[in-house]
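Assemble the whole structure, with the sequences as input and the hints as a guide.
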Amino acid sequence: MGELFLMSDIRVEKLDEFRWIIPPTGGMRVPGIIYADERMMKSIEKDESLKQVANVAHLPGIIRHSLAMPDIHWGYGFPIGGVAAFDMEDGIISPGGVGYDINCGVRLMTTNLQFDEIKNRVKDLVIALFRDIPAGVGSEGSIKLSPDEEKKVLREGAGWAVKHGYGSLGDLMTTEDGGRMDGADPACVSERALERGRRQLGTLGSGNHFLEIEVVDKIFDRKIASTFGLMVEGQVAVAIHTGSRGFGHQVCDDYLARMVKRSNKLDFPLPDRQLAFAYIASDEGKEYMSAMACAANYAWANRQILMHWTRQTFEKTLQMSPREIGMRLVYDVCHNIAKIEEFPVAGRKRKVCVHRKGATRALPPQHPALPDVYREVGQPVLIPGDMGTGSYVLAGAEKAFEETFGSSCHGAGRVMSRGRAMKESRNRSIVKEMADKGIVIMAAGKKTIREEMPDAYKNMEDVVNIVHRAGLSRKVARLRAVGCIKG
Amino acid sequence: MNKNGDWEVLPSYRIFEHTADLGVEIYGLNERELFYNAAFALFDIMTDVNLVRVRKEKRIFVEGGDLEELLVNFLREILYMYNGEGLLLKECAISEMDNFHIKGTARGEPFAQERHHMNIEIKAVTYHCVEIRKTPETWIGRVIFDV
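Listed in order, the protein sequences are those of chains A and B.
Following the numbering used here, the numbering of the first sequence begins with 1 at its first residue and continues without gaps.
Following the numbering used here, the numbering of the second sequence begins with 1001 at its first residue and continues without gaps.
To be clear, the hints were calculated from the coordinates, so they are not data collected in a lab.
Calculated pairs, DSS-like style, for lysine-lysine (alpha carbon to alpha carbon, straight line, at most 30 Å):
#1 B/K1058 - A/K144
#2 B/K1134 - A/K261
#3 B/K1090 - A/K423
#4 B/K1090 - A/K447
#5 B/K1058 - A/K261
#6 B/K1056 - A/K144
Model, not experiment: these values are computed from the prediction.
Next comes the structure, spelled out in structure tokens:
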């Protein structure tokens, strides 16, 4: 162990080149582990996120470590970038450990198109996508669900969308969990959540959500990249980043309030009310799990529908057939979720409840949950950048399985508050700055573009390099943005 | 008084920095005013409250285990007016209140694209770091919104 840092009352020691440990003090049941290099640690110490890593370590039944990925930043309750696994018998599930946007996630599609073929049409594509994909504050979709139909969406997930003509069965093969989480029970969902859900299926939403046209910029591992369908530099791809919209928010809000109400009866002090929880084995824990699964399925259906519309918009705008465009789903990952998964713990396989709040599942090669096509290379780990900077594609690796309950980073991570971004972007035209870099952007909200400007985020390259060098995931390819629609 | 000899009006709230979200510090001469100002802050951040008319009224009854939980639950209920029912708030009246209950009415009108503009979407009111304290001069509350 090397240097010792004291950060906002939290003692942090350097464990090795990429890992830092918060030794247990007070009510912490396990140590905290943060994946970061020295330079990043200096940025991390500026907010309260390390304290949040320590807070999570207070929760009952936590196994081994309270973990944080290099894109860690200050959230509420759990830090964003936080990972924690809990024992199935005496462990807990926490709505705040999943987040409001349940199954917020990313999907990436490749095409047969080369950038040279469409570079004069990017603007037309962005305008058409902006017209066809509902985006923005409180955006509502063209799909109006009856109460019965909505319940089917909640039970069936992306499969419901495919059954109704949005995409094909093949898409489900390359969606995490086949686009459907088991155990979804609409009876565990409030009337308020159901009401909000009926109007918003097939919408992008606002904030950091986006739909982006990207181009393969650099391939790091040709073998894995070609297995993922990323064949050559210059190939056109599309990324969609969104989640379960108002439905997921309402599910989280409802259960959090219920659990907060009970939390003053606990026999130990909860360091933050937002960490309120239920035991996994309790009725309330099971009910939340069933409601959360409904929201996860809603999000998968949502991204499936948006992908279908994207395919149609490309066909119409470019006057090309589906076969010519060949828009194929590489993978769909969720990065706000709690899941029951099996991992080796103390030498034996054990079922645990893994919370990933702003973290991506990263299964290594040969894992049984992988689709056959990716069995040899590991799971595609999709890392969206901030608005307009493109994405990274990584592949899950062994160390993630051993150290982080099969988890990797999820994005760049904010470094600047929205307020500061607004101040610093005053007198600047972010749209023009992006245009100068060759990126066409359209947004529903004027402020969103400034709040989400690239300077507000950590350098994604630093984040990705750490998970690569720490062995959590392998770098496969980098994509750059050429067109983007925002809420 | 300020240097011009005018009485300075304390702002009813101010925004503080939080990396991913939006923190709000709210002031009030008593608990009731604090709660009233918190409801106002929520909608003042989202839209131009001056453009909202009184067309609809909604009864509010909320409980909490203490004053802080009560504040979050009250704001959750007020926010649901927009997120769930599409209403913008103009004003609210608190008729009864103690540390564990609040009863009142909220008034406003449905959001209309041609009349109203949304600056930012507040997606949720969190319990994270919620705080209420009394100073000799005023009551101060702090809440973090998910945006």
